[in-house]
Amino acid sequence: MDSSTKRKIVISPVTRIEGHAKITLHLDANGNVDDAFFHVNEFRGFEKFCEGRMYTEMPIITPRICGICPVSHSIASVKACEMIQGIQPTYTGTLLRRLIQLGQNFSSHALSFFHLSSPDFLLGYDSDPSTRNILGIADKYPDIALRGIRLRKLGQEISERITGKKIHIAGIAPGGMGFPLSAENRKALLAWIPEAMETVQIGIGIIKKFHEENEAMVKSFATSPTLYMGTVGPDGELELYDGNLRFIDADGNILQDQLDPARYLEFIAERSVNWSYLKYPYYKPYGFDRGFYRVGPLARLNIATKMKTPKAQKEFENFKAINNGKPVHGTFYYHYARLIEAMFCVEEAERLLNDPEITSHNIQAHGRWNYAEGIGCTEAPRGTLFHHYKTDDTGKLVAVNLLIATGQNNPSMNRSVLEVAKQYVKGNDIKEGMLNRVESAIRCYDPCLSCSTHAVGAMPMIVEVIDIAGNVVKRIERG
Amino acid sequence: MAKISVNIDEKNLEVEVGKTILEVCRENGIEILTMCHLKGISDVGACRLCLVEIEGVNKLLSACTTKIAANMIIRTKTEKIKRYQRITSELFFAERNHVCSVCVANGKCDLQKLGYKTEMDHIRYPYLFPECEVDTSHPWYVLDHNRCIMCTRCVRVCAEVEGAHNWNVMNRGNKVRIISDFNTPWGESETCTSCGKCVHACPTGAIWPKAIVQGQLEKKPEMITELIEKRKMNL
Numbered sequence: 001m002d003s004s005t006k007r008k009i010v011i012s013p014v015t016r017i018e019g020h021a022k023i024t025l026h027l028d029a030n031g032n033v034d035d036a037f038f039h040v041n042e043f044r045g046f047e048k049f050c051e052g053r054m055y056t057e058m059p060i061i062t063p064r065i066c067g068i069c070p071v072s073h074s075i076a077s078v079k080a081c082e083m084i085q086g087i088q089p090t091y092t093g094t095l096l097r098r099l100i101q102l103g104q105n106f107s108s109h110a111l112s113f114f115h116l117s118s119p120d121f122l123l124g125y126d127s128d129p130s131t132r133n134i135l136g137i138a139d140k141y142p143d144i145a146l147r148g149i150r151l152r153k154l155g156q157e158i159s160e161r162i163t164g165k166k167i168h169i170a171g172i173a174p175g176g177m178g179f180p181l182s183a184e185n186r187k188a189l190l191a192w193i194p195e196a197m198e199t200v201q202i203g204i205g206i207i208k209k210f211h212e213e214n215e216a217m218v219k220s221f222a223t224s225p226t227l228y229m230g231t232v233g234p235d236g237e238l239e240l241y242d243g244n245l246r247f248i249d250a251d252g253n254i255l256q257d258q259l260d261p262a263r264y265l266e267f268i269a270e271r272s273v274n275w276s277y278l279k280y281p282y283y284k285p286y287g288f289d290r291g292f293y294r295v296g297p298l299a300r301l302n303i304a305t306k307m308k309t310p311k312a313q314k315e316f317e318n319f320k321a322i323n324n325g326k327p328v329h330g331t332f333y334y335h336y337a338r339l340i341e342a343m344f345c346v347e348e349a350e351r352l353l354n355d356p357e358i359t360s361h362n363i364q365a366h367g368r369w370n371y372a373e374g375i376g377c378t379e380a381p382r383g384t385l386f387h388h389y390k391t392d393d394t395g396k397l398v399a400v401n402l403l404i405a406t407g408q409n410n411p412s413m414n415r416s417v418l419e420v421a422k423q424y425v426k427g428n429d430i431k432e433g434m435l436n437r438v439e440s441a442i443r444c445y446d447p448c449l450s451c452s453t454h455a456v457g458a459m460p461m462i463v464e465v466i467d468i469a470g471n472v473v474k475r476i477e478r479g
Numbered sequence: 001m002a003k004i005s006v007n008i009d010e011k012n013l014e015v016e017v018g019k020t021i022l023e024v025c026r027e028n029g030i031e032i033l034t035m036c037h038l039k040g041i042s043d044v045g046a047c048r049l050c051l052v053e054i055e056g057v058n059k060l061l062s063a064c065t066t067k068i069a070a071n072m073i074i075r076t077k078t079e080k081i082k083r084y085q086r087i088t089s090e091l092f093f094a095e096r097n098h099v100c101s102v103c104v105a106n107g108k109c110d111l112q113k114l115g116y117k118t119e120m121d122h123i124r125y126p127y128l129f130p131e132c133e134v135d136t137s138h139p140w141y142v143l144d145h146n147r148c149i150m151c152t153r154c155v156r157v158c159a160e161v162e163g164a165h166n167w168n169v170m171n172r173g174n175k176v177r178i179i180s181d182f183n184t185p186w187g188e189s190e191t192c193t194s195c196g197k198c199v200h201a202c203p204t205g206a207i208w209p210k211a212i213v214q215g216q217l218e219k220k221p222e223m224i225t226e227l228i229e230k231r232k233m234n235l
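In order, the protein sequences belong to chains A and B.
All letters in the first sequence, in the order written, are residues 1 to 479 by the numbering used here.
All letters in the second sequence, in the order written, are residues 1 to 235 by the numbering used here.
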């Protein structure tokens with residue numbers, strides 16, 4: 001095709017996600033999408049500027065990467081520190097960490113579903129973009145908006161009642177926790193559980209209704225098969241805090257099981273691309289072209305054999321039935337998977353709060369620098385998170401590698417954008433609703449790009465159709 | 001002990017001869033900001049926060065190093081002094097790399113408290129962003145030059161209380177640094193007794209124990225004062 005007839009559409013910034021990104025769609029002469037690129041145009045540099053710091057500072061520095069999943073960073077980091085020291089956290093220390101992580105998980109899932117994605121389900125993809133946000137939901141469905149906000153609040157309150165800080169957590173220390181949970185705070189947290197469970201069930205109701213009413217769209221929305229990776233317990237059950245890795249292929253065959261996360265470099269490689277600051281990780285044995293894998297709630301449910309809690313297990317069985325026990329590839333099912341996981345988190349949080357040892361003061365074991373290398377791994381809300389540190393023989397960091405969940409989904413996000421764009425963006429008459437669907441492919445993954453920027457309604461989206469000579473043929477603006 | 005009359009902040013006081021203005025103020029409940037002062041060890045007037053106005057003297061003097069004299073008329077809270085204190089605290093923050101959010105001393109730091117006290121809502125001077133060493137060579141403690149304000153409390157407590165004189169000061173201007181022995185890594189020091197007094201004397205997160213993380217730091221400089229007073233009683 002003659003390149004002079006090609007056109008380009010740019011969606012920048014992508015809205016209702018955590019962070020900044022843009023999408024470029026390349027159209028051919030007939031107005032059909034030829035190619036798509038998902039660019040992450042931020043640069044943070046944490047891996048570099050953490051060098052030279054003491055390794056024990058990392059559980060405090062790394063949560064600053066993100067305002068949504070700071071706990072996961074702190075936990076992955078502290079596990080790497082414990083590997084450096086060669087110690088294990090105390091039983092109560094582990095319980096408290098698990099509890100805080102569960103809180104963060106459903107808090108993050110509440111943000112993704114109720115604040116960012118529910119406007120599409122409840123108000124419609126083609127509704128007025130100026131009200132297609134959480135404020136629009138608050139106006140039309142005030143009870144749902146309030147519940148979403150309160151579910152998020154509970155998640156953060158768990159952290160606050162243990163460590164005194166809602167967001168950027170302190171006190172996750174090598175060997176356990178720096179602060180205990182008081183009996184009074186435990187009681188206050190238990191009182192939240194029934195409401196949290198109700199909210200998650202309402203969320204599941206919303207997504208199931210949407211699935212029923214939009215069956216064709218849900219089943220055809222970015223359904224390319226990929227590999228999946230996540231953490232499982234010893235019996236293949238869903239595990240978020242600790243466990244071993246499992247890889248499955250697109251048909252559900254287990255490629256690797258009970259893989260020690262410390263061996264991640266044997267199975268995962270990364271490649272840089274010239275259009276994005278986000279690298280392209282892939283499953284090493286399959287190579288760059290065939291090794292795309294996904295992480296996060298959809299991947300975790302696809303790889304898991306069962307759930308540890310009864311209500312979540314029941315919903316998990318419904319999820320497994322979607323593709324007769326085989327992996328569910330439809331990107332849209334991320335939302336459903338996220339809510340099932342939130343349900344598990346609430347049930348599990350209740351179980352942990354009822355453990356008599358949770359208020360014990362035996363919260364921290366103590367160690368010192370013993371080994372020069374540490375790898376920590378945990379399941380963040382968006383997928384598997386690795387922290388890998390190397391130190392000199394005084395404990396000063398000489399190399400830091402952080403493999404973030406969103407990075408691992410990056411190749412798949414790019415492909416989902418292309419698929420959805422091919423399906424919905426056509427011709428010269430580009431409508432805003434078409435572009436919202438392209439964006440929503442990204443939103444399914446709930447990517448956390450810088451994890452710091454959130455705007456409600458005020459964030460503009462500019463789409464320009466540009467011909468090869470650089471002339472703006474068409475411009476749509478919202479915000 | 002002979003007594004003299006002075007006037008501080010419009011208040012007439014009868015005070016003992018031989019004391020510093022800072023001592024007199026603290027004994028009489030008059031608040032004076034300090035960073036480099038630690039009761040019991042010698043004063044050097046390094047931080048310039050305790051500056052006071054004395055009638056008849058055409059410059060501000062540091063309260064910690066100026067002896068009180070008969071009939072002095074002293075002012076501690078004039079607009080000029082407040083302005084200078086705010087400037088000083090801003091310069092502390094601009095000089096090195098103070099990032100409270102990830103600092104081990106967050107919430108327990110005298111420099112942070114100073115920022116609040118001087119109502120420092122922003123910093124008007126360009127940050128220097130110097131490249132500073134983090135000395136992790138000691139088996140128990142860390143010295144992070146990024147967070148050092150050169151109060152030299154560590155130097156004085158080590159020399160005067162522990163008697164080891166491990167710490168000293170090197171260079172001038174903004175290149176000034178605390179050094180161990182003759183600028184060797186702390187872990188290789190031949191004089192350090194690992195007593196930990198410098199850790200407690202340090203008002204910021206510049207010297208801290210490796211074993212703790214943010215939220216767990218407990219510095220007890222008053223313990224050093226108590227130690228000195230008890231030693232004096234024994235004598």
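A hint or two may mislead.
Taking lysine-lysine and the DSS-like style, the derived pairs with C-alpha atoms no more than 30 Å apart in a straight line are [stated by the list, open to error]:
1) K166(A) to K108(B)
2) K396(A) to K140(A)
3) K113(B) to K166(A)
4) K165(A) to K219(B)
5) K113(B) to K396(A)
6) K165(A) to K187(A)
FYI, nobody ran anything at the bench for these hints, they're computed from the structure.
Note that the structure is predicted; figures quoted are calculated from it, not measured.
**Study point:** Structure versus earlier hints, numbers of those that do not hold, lowest first
**Key:** 2
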